[in-house]
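A.B. asks: Please model the entire structure based on the sequences and the hints provided.
Given next are the chains, with one letter for each unit.
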Amino acid sequence: MFLQTLVTGLSIGGIYALMAVGYSLVFSVLGFSNFAHGAVIMLGAYLGLALAVKLHLGIGLVLVGSIVGSGILAVMNERLAYSVLRRRKAPSLYLMISAMGCSVFLENLVYATIGSRFYAFPEFFSRQVVQFAGSSLSLLDLAAFIVAFLAILALHVFVTRTKTGIAIRAGVCDMTMCSLMGVNVDRLIMVVFLLAGAFAGVAGVFLGVKYLVYPTMGWVTNKAYIAAVIGGLGSLPGALVGGLILGVVETFVSTYVSSVMRDVFSFTLLIALLVWMPNGLFGSDTEEKV
Amino acid sequence: MDYILSVVTLAAINMIAVLGLSIFTGFTGLFSFGHAAFVGVGAYASAILTYYYYVPFFIALVAGAFAAAAVSLIIGVPTLRAKLRSDYFAIAILGFGEAFRVILENLEITNGARGLPGIDSFTTLPIVLVALAFSVWITRNFLKSRYGVACIAIREDPVAAEMSGVGLFRTRLLSLVLSAFLCGLSGGLMAHFLSFIQPVMFTLVQSTQLLAAVIAGGMGSITGPLFASFLFIVLPEALRVANMWRLVAYGLMLVLIMIYRPQGIMGYQELPDLFRRKISRSGTK
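Residue numbers (our numbering), protein chains in the order written: chain A, 1 to 290; chain B, 1 to 285.
Rather than coming from a laboratory, the hints here were simulated on the basis of the structure. It is possible that some hints are incorrect.
To be verified - If we take Cβ atoms under 10 Å as the criterion, some of the chain B residues that face chain A in the derived model are:
1) P78
2) R81
3) L84
4) S86
5) Y88
6) F89
7) A92
8) L94
9) I103
10) E108
11) I109
12) M201
13) L204
14) A212
15) I259
Backbone N, C-alpha and C fix where the C-beta goes; we use that ideal spot for every residue, glycine too.
C.D. replies: Have a look at this one:
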């Protein structure tokens with residue numbers, strides 16, 4: 001029972017981590033919480049669904065399509081809703097409110113046009129379960145976990161080993177200095193949103209396959225946001241560890257305490273963390289300066 | 001006629017809640033994505049009192065407002081004492097609002113997610129108008145008092161205000177409690193007007209609507225947000241727009257206001273000021 005709970009928690013945590021990465025990427029560069037990320041994940045899931053149902057594509061092509069589509073969406077989102085504010089050097093709170101507006105806008109646009117029906121993906125994974133040290137794990141969860149892990153690993157390599165990655169990390173330290181060194185900041189931020197959007201696409205497809213596709217599915221990302229806070233906003237390893245911790249702890253709470261108190265517990269954890277440990281496990285110092 | 005009357009009543013009830021949030025956001029400068037929870041506390045507390053315990057309406061209404069003020073302490077004391085970054089604070093209160101909804105959905109006395117049907121409809125337009133006038137009076141006096149001036153000083157520059165001897169924690173908490181009180185009052189009136197309340201009526205969507213009214217109406221203004229919230233309720237009714245498109249418009253509006261006019265329609269001024277300024281301007285010419 002204990003091991004089974006742990007395995008289930010880890011598999012949920014993998015998806016949380018996948019979504020949390022998107023928050024952390026944007027936060028690390030622009031210093032605000034991009035609440036529109038949840039809406040991008042939701043649109044990614046709808047896009048994947050359309051590809052799978054209308055064009056009968058396999059899981060691989062669905063993932064690629066959703067990654068590209070969500071990436072473009074995220075970049076468009078930044079261009080239309082954030083870039084003006086960013087250039088004006090508006091307070092990060094304005095960016096956050098703008099992001100909240102985007103999320104409300106996109107979510108209800110889907111409601112008003114596509115409707116509130118729940119859609120299911122075709123079955124990509126057989127209902128086979130893998131036996132693992134006395135606990136069972138569905139093939140889907142295993143695939144989601146492996147993809148999440150590989151994607152975050154690839155991102156880590158990209159950020160630490162490539163030229164663009166180094167530019168991103170320089171921008172995290174000091175955006176003005178970075179632009180003086182000849183880095184095109186606009187292009188850099190575009191790359192960041194493209195990456196965040198790509199992760200949103202993967203997360204959206206896996207969420208949609210695991211659960212269902214509906215307009216408010218982006219709200220699961222509240223959990224991912226909590227995961228990002230646990231790990232420290234702006235930190236990539238933090239997003240992975242935070243996602244896994246939240247997944248495991250939540251599953252333990254719902255198994256051993258009560259499943260309805262699970263969400264109350266997560267939100268209380270969020271508030272407690274913000275109050276006592278606003279920098280999370282791996283975050284850097286983020287106090288508001290004069 | 002009945003229909004118009006009920007729309008106006010609903011708009012006035014909503015205006016009280018917007019007024020409450022305006023104290024906290026427009027004058028103290030902290031943003032909240034969770035004030036619908038305080039409206040919910042007021043609604044549920046007063047409705048439970050009249051529904052199960054046959055408490056007189058007026059006492060239940062006041063009790064609901066005080067309950068909301070008390071609940072605001074639960075979230076306000078730890079987060080405001082920690083002097084969170086303003087965006088972290090907005091997130092913490094968002095988490096609080098969501099947790100509150102989950103608790104409402106699982107309590108016995110609130111009848112869970114199904115909600116409380118058949119609350120006596122005591123609320124009438126005159127009562128609402130009296131409550132609104134009372135709220136405007138309280139808000140105006142508060143903002144003219146030294147506490148209100150301290151709030152405005154904190155909004156303009158927390159560090160400078162603290163150096164001038166303004167207690168950040170106490171002033172912000174006072175402003176939160178007062179704003180929660182007004183939201184609770186509005187919730188009590190709403191519960192006894194609609195005679196049915198449900199946890200989904202007090203979620204992030206409603207918090208966003210309140211915030212949108214304050215931001216669109218203008219920071220640091222009482223009349224601006226009141227005007228905006230009146231428009232928000234009356235216009236969609238008049239134009240007969242579906243609820244979803246209304247929310248689409250709210251979202252779009254938040255983005256557009258942040259980009260083009262962050263101070264809102266009436267930023268830092270009141271309706272009477274506009275007329276006065278016009279007169280004085282034409283006088284000097």
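A.B. asks: Now tell me if each hint is right for this structure.
C.D. replies: Verification of the supplied hints:
Below 10 Å, beta-carbon pairs count as interface contacts, and P78 (chain B) has one with chain A at about 5 Å; its hint therefore holds. Given hint, R81 (chain B) at the interface with chain A, holds; its Cβ is 8 Å from that chain's nearest Cβ, closer than 10 Å. Taking 10 Å as the C-beta cut-off, the interface hint given for L84 (chain B) holds, the closest approach to chain A being about 6 Å. For S86 (chain B), the shortest C-beta to C-beta distance to chain A is roughly 5 Å, which falls under 10 Å, so the interface hint holds.
With 10 Å as the threshold, the beta carbon of Y88 (chain B) comes within range of chain A, its nearest partner Cβ sitting at about 5 Å, so the hint holds. Using the Cβ-Cβ criterion of 10 Å, the hint placing F89 (chain B) at the interface with chain A is satisfied: the shortest such distance is roughly 8 Å. Hint status for A92 (chain B) relative to chain A: holds, with the closest Cβ pair at about 5 Å, below 10 Å. The beta carbon of L94 (chain B) comes within 8 Å of a beta carbon in chain A, closer than 10 Å, and the hint placing it at the interface holds.
Below 10 Å, beta-carbon pairs count as interface contacts, and I103 (chain B) has one with chain A at about 6 Å; its hint therefore holds. Among the interface hints, the one on E108 (chain B) is violated; its C-beta lies about 12 Å from the nearest C-beta in chain A, farther than the 10 Å criterion. Below 10 Å, beta-carbon pairs count as interface contacts, and I109 (chain B) has none with chain A, the closest being about 15 Å; its hint is therefore violated. At its closest, the beta carbon of M201 (chain B) sits 16 Å from a beta carbon of chain A; the interface hint therefore is violated under the 10 Å criterion.
With a least beta-carbon distance of about 9 Å to chain A, the hint placing L204 (chain B) at the interface is held under the 10 Å criterion. Because the beta carbon of A212 (chain B) sits about 8 Å from the nearest beta carbon in chain A, less than 10 Å, this interface hint is met. With a least beta-carbon distance of about 5 Å to chain A, the hint placing I259 (chain B) at the interface is held under the 10 Å criterion.
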